[in-house]
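Visitor: Chain residues, written in single-letter form:
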Amino acid sequence: MDWQAFEVSIKLALLTSVSLLPIGLALAYLLANSRFIGREVLEAAITLPLVLPPTVLGYFLLVGLDSSSFFGGLFVSLTGHTLAFSFTGLWFASIIYSLPFAVQPMLRALETIEPEIREAAWCSGLSKWKTFFKIELPIAWPGIVTAMVLSFSHTLGEFGVVLMIGGNIAGETRTLSIAIYDSVLAFETAQAQSMSLILLLIALVSITIVFVFNRSRSRVVRL
Amino acid sequence: MRFILVFILSCSFFPVYAEEIRLAAATNLRYVLPELAQEFKQRTEHQLLLSYAASGTLTTQILHDAPFEVFLSANPAYINRLVDMGKANGDVINFAQARLALYAAKHSNLTLDKDLQALTVALKSSGLNKVAIANPKHAPYGQAAETALKKAGIWQAIQKHLLIAENASQAVQFTMSTSVDAGFVPYSHVIQAKLESTGRFVKLDSMLPQQAVLIKGAAEPAKQFLDFLQSDAASSILIKHGFVVEGKE
Amino acid sequence: MLRVNLQQSSPIPLDVELNCNNGEILALVGPSGAGKSTVLRCIAGLHSAKSGQINCSNQIWFDSNNKTDFTPQQRRIGMVFQNYALFPHLTVFENIRLALAEQKGAKQKIDHLLKQVHLMGLEQRYPSQLSGGQQQRVAIARALAREPEVLLLDEPFSAVDKVTRRKLYLELNTLRRSLEMPIILVTHDLDEAAMLADNLCVIHNGKTLQQGQPDQVLHRPRDIEVARQVDVRNLLTATLIDVDGGLKLQWHDYQISVQQTEGLSADQAVHWTVSPAKVLLHQRVRPSRGEHENPVSGVIQELITLKGITTVLLCIDNANNEVIQMDVPEHVAMRNELTIGDSITASILSDAVHLMPD
Chain U
1 MDWQAFEVSI KLALLTSVSL LPIGLALAYL LANSRFIGRE VLEAAITLPL
51 VLPPTVLGYF LLVGLDSSSF FGGLFVSLTG HTLAFSFTGL WFASIIYSLP
101 FAVQPMLRAL ETIEPEIREA AWCSGLSKWK TFFKIELPIA WPGIVTAMVL
151 SFSHTLGEFG VVLMIGGNIA GETRTLSIAI YDSVLAFETA QAQSMSLILL
201 LIALVSITIV FVFNRSRSRV VRL
Chain S
1 MRFILVFILS CSFFPVYAEE IRLAAATNLR YVLPELAQEF KQRTEHQLLL
51 SYAASGTLTT QILHDAPFEV FLSANPAYIN RLVDMGKANG DVINFAQARL
101 ALYAAKHSNL TLDKDLQALT VALKSSGLNK VAIANPKHAP YGQAAETALK
151 KAGIWQAIQK HLLIAENASQ AVQFTMSTSV DAGFVPYSHV IQAKLESTGR
201 FVKLDSMLPQ QAVLIKGAAE PAKQFLDFLQ SDAASSILIK HGFVVEGKE
Chain V
1 MLRVNLQQSS PIPLDVELNC NNGEILALVG PSGAGKSTVL RCIAGLHSAK
51 SGQINCSNQI WFDSNNKTDF TPQQRRIGMV FQNYALFPHL TVFENIRLAL
101 AEQKGAKQKI DHLLKQVHLM GLEQRYPSQL SGGQQQRVAI ARALAREPEV
151 LLLDEPFSAV DKVTRRKLYL ELNTLRRSLE MPIILVTHDL DEAAMLADNL
201 CVIHNGKTLQ QGQPDQVLHR PRDIEVARQV DVRNLLTATL IDVDGGLKLQ
251 WHDYQISVQQ TEGLSADQAV HWTVSPAKVL LHQRVRPSRG EHENPVSGVI
301 QELITLKGIT TVLLCIDNAN NEVIQMDVPE HVAMRNELTI GDSITASILS
351 DAVHLMPD
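Protein chains in written order, with our numbering: chain U, 1 to 223; chain S, 1 to 249; chain V, 1 to 358.
For the record, the hints were derived by calculation from the structure and aren't laboratory data.
Any given hint could turn out to be false.
[Stated by the list, open to error] Restricting the straight-line Cα-Cα distance to at most 16 Å, the calculated cross-link-like pairs of lysine to aspartate or glutamate (EDC-like) are: (1) U:Lys130 - V:Asp223; (2) V:Lys167 - V:Glu147; (3) V:Lys278 - V:Glu262; (4) U:Lys11 - U:Glu188; (5) V:Lys278 - V:Asp327; (6) S:Lys137 - U:Asp66; (7) V:Lys104 - V:Asp161; (8) S:Lys160 - U:Asp66; (9) S:Lys223 - S:Glu45; (10) S:Lys106 - U:Asp66; (11) V:Lys207 - V:Glu192; (12) V:Lys162 - V:Glu180; (13) S:Lys137 - U:Glu188; (14) U:Lys134 - V:Glu94.
[Said to hold, decoys possible] Pair ranges (Cβ atoms, derived): (15) U:Ser34 - V:Ser265: 57 to 65 Å; (16) V:Asp111 - U:Leu52: 18 to 26 Å; (17) V:Met1 - U:Ala44: 34 to 42 Å; (18) V:Gly132 - U:Leu197: 17 to 25 Å; (19) U:Trp141 - V:Arg125: 15 to 23 Å; (20) V:Asp111 - U:Ala44: 25 to 33 Å; (21) S:Gln156 - U:Leu200: 16 to 24 Å; (22) U:Leu197 - S:Gln156: 48 to 56 Å; (23) U:Lys128 - S:Ser197: 19 to 27 Å; (24) V:Gln103 - U:Lys128: 28 to 36 Å; (25) U:Leu200 - S:Lys150: 46 to 54 Å; (26) U:Phe36 - V:Asn22: 36 to 44 Å; (27) U:Lys128 - V:Asp351: 38 to 46 Å; (28) U:Tyr59 - S:Asn94: 47 to 55 Å.
[What the hints assert, rightly or not] Some chain U residues flagged as far from chain S (calculated, every beta-carbon gap over 12 Å): (29) Phe85; (30) Lys128; (31) Leu197.
Cβ coordinates follow ideal geometry from the N, Cα and C atoms, glycine included.
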């Protein structure tokens with residue numbers, strides 16, 4: 001059991017899902033409440049990582065964001081790390097990779113709120129911010145929790161992108177999924193089995209929590 | 001009418017049934033195998049279907065009844081595993097030795113030498129960025145790299161700088177990144193025209209035994225290929241691609 | 001006092017002018033898609049018309065000339081939406097509390113409001129646990145909690161059943177006596193408007209056609225367009241002629257004397273209408289003196305009795321089969337044994353004839 005790899009995986013998944021909370025909310029709010037030209041294009045772009053093979057994403061990140069490129073250089077100057085072969089790079093890649101898993105549930109949840117409810121809040125004197133925090137957020141909360149858990153689990157299971165741009169550095173980019181793969185290739189079956197079971201358990205527990213949470217909440221709040 | 005009959009009959013006398021042979025090979029053979037396949041086809045009409053992957057991956061697949069007939073690898077451990085599990089058919093053939101090289105792409109400033117002295121100096125003076133190797137846990141080139149680094153006495157010290165690739169090909173690919181100063185890669189790769197022009201290299205002393213074995217259930221053409229691998233024609237192609245063939249120059 | 005005038009051509013065409021005094025209910029009536037809700041949303045600040053002005057209690061909320069456009073939060077409005085738009089995740093108490101203009105003394109204020117709308121004891125319920133009528137009352141209470149300058153009701157009764165609706169009408173009537181703000185009620189139900197409103201404003205295709213007291217608008221529409229919107233019965237055409245220096249209506253073979261002829265002249269084609277209640281049956285049983293006022297004769301085509309009134313569809317003789325509706329008390333119809341196919345005569349009261357230019 002590679003506890004170091006486990007730690008890397010958990011750290012990556014937590015950081016990614018926490019980062020996706022404000023990013024996902026901002027994008028979901030924008031898409032739910034504005035009509036602008038290119039709105040569908042934006043939504044499609046956000047959904048892209050859902051349908052792209054991880055190798056494609058890995059390829060573009062590796063080649064397009066090499067330190068010698070403009071964005072790659074920018075990344076290095078901003079974070080002090082290269083995009084490839086660093087935990088920061090993985091974090092960045094995971095945000096992109098798990099973005100649709102965060103935005104989609106949040107967007108669906110916000111969309112079910114009738115526009116009249118927001119308008120009623122404004123007419124009652126609440127500013128747009130207050131309306132968001134006191135009305136929209138609480139109503140959409142189950143969708144937001146779902147989004148967080150999904151992006152956590154999805155990042156936990158990330159493999160293809162990590163394989164391509166991680167560099168398998170112990171303690172930094174060697175995630176549990178990579179460690180499992182290495183163990184399989186090296187015929188360390190006991191190791192591979194125990195690590196796989198742990199990942200399976202975590203995924204199962206987190207998704208069950210989401211369902212239980214959603215069910216108990218919907219008993220009180222019926223739109 | 002008689003003509004057609006005679007024609008059909010006469011066709012059956014030539015062993016002209018072009019068979020397809022499914023071959024599993026480690027990635028370091030990716031540049032030499034196509035040429036070997038072509039030469040083999042010219043002689044026997046048989047077609048090689050080539051699958052490249054990490055030796056470990058291929059071994060696992062074969063153990064689970066993947067329909068390969070021949071397995072080529074530079075890692076004796078995997079070949080032995082197949083034999084032990086009863087998946088091999090016949091003897092293991094050593095048809096060549098593969099070489100290890102230290103390669104640096106154009107952007108790298110690192111001096112390359114056989115004993116890895118410049119590498120050691122760079123490491124000690126904190127002037128070293130990343131170094132790519134294949135995964136020593138299961139890739140033969142990674143194991144060879146580990147041996148070489150241990151021999152130079154810098155294996156422990158260099159740990160933090162190592163980028164571990166899934167297979168030898170990915171190690172080559174890593175060296176292209178500007179954050180990577182050098183990589184331990186198959187010699188047969190760096191002498192390809194493509195790589196020669198994008199960097200420099202030095203041949204290291206390590207030798208990896210290149211082995212081949214027939215998988216259980218292999219057909220006759222597969223046996224023919226193994227024979228071909230040990231022939232002079234094959235040897236000259238292998239030598240051309242940077243492999244060493246014992247007793248041949 | 002609320003003064004509104006708005007114009008725009010898109011996305012929904014508007015050409016609106018309306019006024020409402022404090023303490024009065026103005027009903028904005030028109031068919032679906034007429035723009036009623038849009039007008040309400042403009043007053044609320046949820047939509048900004050391309051040009052116009054909205055003035056409430058001498059505050060200019062909207063003025064396209066100097067780009068003034070207060071947000072809904074800046075205006076003090078109480079809006080009741082068609083489906084109430086209550087906050088589903090909050091209790092009744094919290095729904096109202098969010099809207100309170102001033103948070104101090106919240107409990108007393110909310111209790112007072114709930115008492116006003118007859119909802120005591122339900123503070124801790126969630127909207128999903130309330131009936132339609134109760135939800136509507138909460139919506140009103142929430143709107144009033146804001147201490148608004150104007151109360152806006154967007155078809156507030158359309159989502160409830162008829163029985164509940166009648167109850168709510170009575171409650172609104174009682175409630176409004178204690179309110180001192182202009183109240184705008186949007187509805188497509190003319191009867192509802194007639195019952196509740198002090199003023200009626202008819203809107204069609206975004207254009208306000210006529211504003212006035214319900215009796216005025218419903219029975220003396222300004223022109224044919226309004227007449228069609230308010231579902232005037234007995235809408236007919238005729239020509240004015242000069243008879244002995246005075247104007248009469250030449251309708252087929254009948255010459256009908258009329259009284260309101262300002263602005264009209266001889267030989268002018270007009271639309272005319274008369275309320276069915278002002279077409280009097282010449283009773284067979286008890287003849288009355290007014291039999292000589294604008295008599296017409298016809299054959300009864302249809303009899304419809306509802307709530308004590310019998311509506312007689314009378315096919316007028318020599319009038320191209322045109323039909324005039326008469327409302328007769330049910331007992332009168334029975335006493336006169338009115339049946340389909342009977343020939344009867346009736347009088348059209350001349351002071352009830354309303355003329356509209358063509």
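Visitor: Work down the list of hints and note, for each, if the structure agrees.
Guide: These are the hints, each one checked on the structure:
| no. | hint | result |
| --- | --- | --- |
| 1 | U:Lys130 - V:Asp223 | violated, 48 Å |
| 2 | V:Lys167 - V:Glu147 | violated, 24 Å |
| 3 | V:Lys278 - V:Glu262 | violated, 21 Å |
| 4 | U:Lys11 - U:Glu188 | violated, 25 Å |
| 5 | V:Lys278 - V:Asp327 | holds, 8 Å |
| 6 | S:Lys137 - U:Asp66 | violated, 28 Å |
| 7 | V:Lys104 - V:Asp161 | violated, 37 Å |
| 8 | S:Lys160 - U:Asp66 | violated, 20 Å |
| 9 | S:Lys223 - S:Glu45 | holds, 14 Å |
| 10 | S:Lys106 - U:Asp66 | holds, 14 Å |
| 11 | V:Lys207 - V:Glu192 | violated, 21 Å |
| 12 | V:Lys162 - V:Glu180 | violated, 28 Å |
| 13 | S:Lys137 - U:Glu188 | holds, 10 Å |
| 14 | U:Lys134 - V:Glu94 | holds, 11 Å |
| 15 | U:Ser34 - V:Ser265: 57 to 65 Å | holds, 58 Å |
| 16 | V:Asp111 - U:Leu52: 18 to 26 Å | violated, 58 Å |
| 17 | V:Met1 - U:Ala44: 34 to 42 Å | violated, 51 Å |
| 18 | V:Gly132 - U:Leu197: 17 to 25 Å | violated, 53 Å |
| 19 | U:Trp141 - V:Arg125: 15 to 23 Å | holds, 21 Å |
| 20 | V:Asp111 - U:Ala44: 25 to 33 Å | violated, 52 Å |
| 21 | S:Gln156 - U:Leu200: 16 to 24 Å | violated, 35 Å |
| 22 | U:Leu197 - S:Gln156: 48 to 56 Å | violated, 32 Å |
| 23 | U:Lys128 - S:Ser197: 19 to 27 Å | violated, 59 Å |
| 24 | V:Gln103 - U:Lys128: 28 to 36 Å | violated, 20 Å |
| 25 | U:Leu200 - S:Lys150: 46 to 54 Å | violated, 37 Å |
| 26 | U:Phe36 - V:Asn22: 36 to 44 Å | holds, 41 Å |
| 27 | U:Lys128 - V:Asp351: 38 to 46 Å | violated, 58 Å |
| 28 | U:Tyr59 - S:Asn94: 47 to 55 Å | violated, 37 Å |
| 29 | Phe85 | violated, 6 Å |
| 30 | Lys128 | holds, 44 Å |
| 31 | Leu197 | holds, 19 Å |
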